[in-house]
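Spelled out from the first residue to the last, the chains are:
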Amino acid sequence: MTTTALKQPDTAPQRKESLGYRAVRMLLTQRIALLGLLTVAVLAVMVSLNSAGALSGSYDADYLAAALISAVPLAMLGLAELMVILSGRGGIDLSVGAIVSLCGIVFGYSYGVWNLGLFLSILITAAAGALCGALNGFLVAYIGFPPLIATLATFYAFKSLALIISGQKPISTVQIQDFFSAAQSVEIPLIGQNLPNIPLGIFTFLIPTAALVWVLLNRTTFGRRLFALGTNDVAAAWAGVDTRSNRMTAYVISGLISGLVAIVTVAQFASARPDAGVSGNGMALPAITIAVLGGVAITGGIGRVSGILLATLLVVWLNAGILLAFAGNEGTQFQLLALGLLLIGASLLNNLTRKKFGVLN
Amino acid sequence: MSTNLKSRAPAAGTPSPRKMLPRLVTGQEIVLIGIISVLWILLGFLTPAFLTPGSILPLLVAVAPIALIGVGMTFVIITAGIDVSVGAMLMVSAVITAQTMVATGISLVPALLLSIAVGALLGLVNGFLVAYGKIHAIIITFGTANIFLFIGLRLFGSSTVNGVPGTFDVFGRGAAGRTLGIPHSFAITLVVVAVAWWYLRHAASGRHLFAIGGNANAARLAGINVKPLVLMTYVITGALVGLAACFVIAQGTSTLDQSVGVGRELSVIAAVVIGGTSILGGRGSVLGTLLGAILVQTVTSGVTQLGWPSQLSDLFVGAAIIAAVGTDIVRERSRRKS
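Just so you know, the sequences run in chain order G and B.
The number in the numbering used here is simply the position in the first sequence, starting from 1, with 948 added.
The number in the numbering used here is simply the position in the second sequence, starting from 1, with 36 added.
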């Protein structure tokens, strides 16, 4: 699926491989396998802690399903980062959180104040996100700004605009408060009786976005070009790829997804907060962490949708467990520690894999 | 970029080592000095209170921590690295120092050394992982930022640090923080900037940092000991964060709260890139960083003094980054063409 297979392991054919060696190699080279194993390990540890009575609540299927509500914005922004990091040349988007704030206000006005109706409001919000992304893309692809700098600058600008436009007050009119229903949990039809209720946002936002990104990356020429220019910008240009417009498109899509996340966030809080995406640590850092944890190479050209989704599941369920294992404030603090250790551990592992096996999928 | 070094290398037959040195002041710094002068004069006309010591001195005091951390960040970015954990490091240094001061009432010098040591230790963790772990610096420091934030918040517990004694008043905004009208914190920052400027320009290992940023592999093949030098840049950044933490404590009230340091990394990086340091490595100057920090702080306090909503200042900072880096890109492009 990825475009690089730079170095085949040359020792492999000669040696009779044991089962254990093959298992280790699969775990290290297939990020999906590792993430799957880690997720199972987290679930096993938490469930056993649960049955030992060490948790303050019950870590069961209902709780896990309810925790998925925080997976929606996280995974979607992870997908946004996937697009831009794939595009290479130091691709990164620090402004996603600020775009979420700004677009949340846009949605708050169009749906909650001007009463434009849900469909039109969503359209306007998504367009606003795409426009923000287009500014990033223009600066990076056409002017030649390093992505870190361009998106740092627009982070400041969008964050400031969101606060100025809204007069620093959250928008929570009746319509917006009623919109909370979009964040509720629903029963899956037909088979739902036996399953816990799943947050609606998974079906209305996350799955369509993930499907769209997957199709874009794997079933369109744009996707193949993106992998090509992320792997080697110069080679792609000589192969006739319009590196500028394709790179810009990646940033536009990132902005578009951030605009959609804004709608999810408004529904979750039942209010359009002007600092929704930038308060505290912001939304960009966790999203980048998810992308790296999901096996996206920060140098570009390597990454897949399933990695992002699995990494999100791992982080969300781990965080949900930590919240039960530690009381109050301590829980959120230990979540930071877990995220930091996971990120460094994952990247050290990436390195080891590259050294030992040459490829990383 | 490495082309910068190459283009300044003497032509064959003129082996004058003096010629290899870059100019004293770069174009970006002249542009920045111009912009800052125009802004100060403009603000002086619009709000007569701006060009008075009562307004300029607090501005310089506020510049000090950003510029100090910016010096370390410039070193790091010149080697093509980055450190996004400085905000979290600042929090850890500040909370440990403040709590020790409250608990034991230690005097100025030990407190200062403690803060710097804590910062340097955290920088050592970053530097070790970046230099020897061979992982992109932004990923490592995102990770350590989370871990440092965890440590800082755990130390805070769930409350603030109250009753911080005035040990650091010599670095503060008050009369105790000035000699002959010059704020001590800004004077120390100037000294640090001057030493760093000399080091980057004249010391062999300072020049090596540029070589590493231009092409680390080529630098290694040329006999430069890359890893220890990279490690050193992160330790220096950490130590300067520790020093800046003392300034931040001094500028605050007697209560230190959990928001200390939050988001500082972005304003420091903004100051560095506005100062003309290339995020791609191999090019940069600490003088530019100081000017960048002054520009950012001028915008911030200018907006407040004009009575505009203070949130507007971030918009201008964003625009300043685009303008500063944009002119740099255009200039670099025309230089390469000619």
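Don't read these hints as lab results, they were simulated from the structure.
Hints are not guaranteed to be accurate.
To be verified - Below, a list of computed lysine-lysine pairs in the BS3-like style, where the Cα atoms sit at most 30 angstroms apart:
1. B/K170 x G/K1303
2. B/K263 x G/K1303
3. B/K263 x B/K373
4. B/K373 x G/K1304
5. G/K1304 x B/K263
Unchecked claim - Simulated restraints on C-beta separations:
6. G/R1167 x B/R369: 42 to 52 angstroms
7. B/I66 x G/A1275: 42 to 52 angstroms
8. B/W344 x G/F1217: 36 to 46 angstroms
9. B/T291 x G/A1185: 50 to 60 angstroms
10. B/K373 x G/A1013: 27 to 37 angstroms
11. G/G1092 x B/T291: 27 to 37 angstroms
Every residue, glycine too, gets a C-beta built ideally from N, C-alpha and C.
Now the hints, each set against the structure:
1. Between the alpha carbons of B/K170 and G/K1303 the distance comes to roughly 11 angstroms, so the proposed pair stays at or under 30 angstroms and holds.
2. For the hint linking B/K263 to G/K1303, the alpha-carbon distance of about 18 angstroms falls within 30 angstroms, and the restraint holds.
3. Distance check on the hinted pair: B/K263 and B/K373 sit about 34 angstroms apart at the alpha-carbon level, beyond 30 angstroms; violated.
4. Taking the CA atoms of B/K373 and G/K1304, the gap is near 43 angstroms; set against the 30 angstroms cutoff, the hint is violated.
5. A C-alpha spacing of about 21 angstroms is found between G/K1304 and B/K263, which places the hinted pair at or below 30 angstroms, so the restraint holds.
6. About 37 angstroms separates the C-beta atoms of G/R1167 and B/R369, a value inconsistent with the hinted range of 42 to 52 angstroms.
7. At roughly 57 angstroms, the beta carbons of B/I66 and G/A1275 sit outside the given window of 42 to 52 angstroms.
8. In this structure the supplied range 36 to 46 angstroms is violated for B/W344 paired with G/F1217, their Cβ-Cβ distance being about 28 angstroms.
9. At roughly 56 angstroms, the beta carbons of B/T291 and G/A1185 sit within the given window of 50 to 60 angstroms.
10. Distance hint check for B/K373 and G/A1013: the Cβ-Cβ separation is about 60 angstroms, which falls outside the suggested range of 27 to 37 angstroms.
11. For the pair G/G1092 and B/T291, the beta carbons lie near 46 angstroms from each other, so the given range of 27 to 37 angstroms is not met.
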